[in-house]
Amino acid sequence: MAKPGLDGHDRGAKVIARLLRDEGDEVIYTGIRQRPAQIARTAVDEDVQLVGLSILSGAHVPLVRSVLLALREQGAGDIPVVVGGTIPAADAEVLKEMGVRAVFGIGSQLNDIKETMQEIRES
Amino acid sequence: MKTGAPADSRHWSNTGFEIPALYEPRSGGAPGSIGRPGEYPFTRHIYPTGYRTRPWAPSLYSGFGTPEDANRRFRYLISQGNGRANIATDLPTQIGLDSDDPDAEGEVGRVGVAIDSLADFEVMFDQVPLDQTAVSLNLNTTAPIFLAMLVATARRQRVDLDKVSGTLANDILHEYVARGTWRYPPEPALRLAADVAEYASEHMPRFYPFNIRSILLHESGAHPGQEIGFTFAIASRYVEELLARGLDVDSFAPRMSFFFGMGLHVFEEAAKFRAARRLWAAIMRDQYGARSDSSLKLRLTSVAPCGSHFTAVDPELNLVRGTLGVLAGALGGVQAMLGTTIDEAYEIPTERTQHLALRTQQIVALESDVCASADPLGGSWFVESMTDQIEASAREQMDLLGGPSGVVAAIEHGLPQSELSARAYELERQLADGTRPKVGVNIYPAKDRTVELKLHAAEPELHRRRAEELSLLRQRRDSTRVARALASVTEAACNGSNIIVPMITAVEAYATVGEISASLDEVFGSYHQPAVL
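Those protein sequence lines, which keep their order, are chains A and B.
Oh and the first sequence: position 27 is 27 in my numbering, straight run, nothing missing.
Counting from 1 along the second sequence, just add 1000 to a position and that's the residue number in my numbering.
Hints were generated in silico from the structure; no laboratory data involved.
Since the model is a prediction, treat every value here as computed from it, not as a measurement.
Accuracy of the hints is not assured; some may be wrong.
Under the rule of at most 30 Å between Cα atoms (straight-line distance), these lysine-lysine pairs were calculated in the DSBU-like manner [stated by the list, open to error]:
hint, chain 1, residue 1, chain 2, residue 2
1, B, Lys1163, A, Lys96
2, B, Lys1163, A, Lys114
3, A, Lys96, A, Lys114
4, B, Lys1438, A, Lys114
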């Protein structure tokens, strides 16, 4: 679970991290203001099954593009990435075209998020 | 109608106390703990006649893309007789990064206006006289730089500093707990906050150098006891920093203002404001020896209510939630309310939704009887009992963080952060399992759940354009003068003298926000926040 960019609103990221931890998953939370390369490095070093990004500042398109690029550069382009935050529907499509597996926008339900992330990891 | 819980179920307040189905007559509050409005301990109101002589001030918050946009808005407001300039800045400006910094990619002009140097400030305040406009700046890490810009702008306009009014958030410790626009480690950041307050208390008697934002805690999940307790631990730390510099408590305490969050539990929220007033008055009198009444009064702004209580689905229903929030604020006796618009959850407010938020406050104030008598809930067994409970909880939460002397270490260890995220998770679980009803979400679900989120469309070329402007600025200015001014800022950071004076020289030389911030990095170092869940 990572927060790229300058946005420090981490309530959502932490709630999802706690949810997954309660489900018995091991969760690594990077903290806020992580550079894309740092996030990719952590994902590789920790050998994660999935990367979750949370962005609420509106800068999701360039930031997600940079994280996906950094993952590919570090040979981890196959790790699935999901994104949560204030993401308009049109941007969600843009993110999915870039390769993001799921986007959780405003009003997403806890159980839906959990199940979708489970499905992605099992697929 | 479903109530979300069986009739014989047990109820708890958000603060965690059981609420009986009926309050029997009881004293509700120890003798002397309630008092009269306008008198110590100010439980009932800070003014003797409540809202009769001084109604709360409704306000709205909005961000603007460029300094030119902000300038047009301020001039319009002045022409309408409302000389208030609320400035929302983008994240790079808040953290001290110039618009051309690689880390600012995608964020320039995004959540507010980008300000890189005094040149932008000059544009923003062109024909906006600072003796006729109160400037409100929500800045923390870069608060000293912006105080310096304000002083420099006043000088250029030939406005005496004692005529400049306004508010600077300057509440850096809350930023480590929530929202996260920190840059330096907490101890030197605290020193900068004290520099701002010290300078303002000496030169700017009409200016509020602290607007302490417990709202950040509320939006992160805090219950009323946490909201007050964490905030007062932080605020007391600011008081102690200034006392340690030899300032008289009565010289600065009246210029501290607070910005609380608000939820929809009307009675508990009203009790929260009553408890907060009582506790702050006691702290200021008994801990810090304040003598003037003005130092003991907690000046409260609240939102009405926090956006986290609104829903994205069925947004019109947020008007009802907003009304409950305004009622809670009015019953709690706040001095100002920041309207929350029904579209808060998914877009930048439109003129229409701002209009609705403003009119909601006016209807509650003028068409109901909430303003007729001070503290309408005073003497209610339910509310007095909750006021006592919230005050007790707030004291416990202050102690949990180690009070003013322990709060910085607690923040560095992530204690308040972790407490809040545990509570945010609990709230989310209650929404998921339906024990906390949310109409349209987990009870009476809305039929159409799709929400069209509209974000402020940042100008795609803004980043590049700002970078070009910065490059021109750097060519135009006297680089020797800039270098000398930045060296003086670094020197003041080293030797402990007040940073504001050399910062004024630096901004007047057109040193940028990023350059001035970086000149402190050398001395203060950078901060790496522990990532705690």
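How the hints compare with the structure:
no.	hint	verdict
1	B/Lys1163 - A/Lys96	violated (54 Å)
2	B/Lys1163 - A/Lys114	violated (56 Å)
3	A/Lys96 - A/Lys114	holds (19 Å)
4	B/Lys1438 - A/Lys114	holds (20 Å)
The structure is inconsistent with the numbered hints 1, 2, although it conforms to all the rest.
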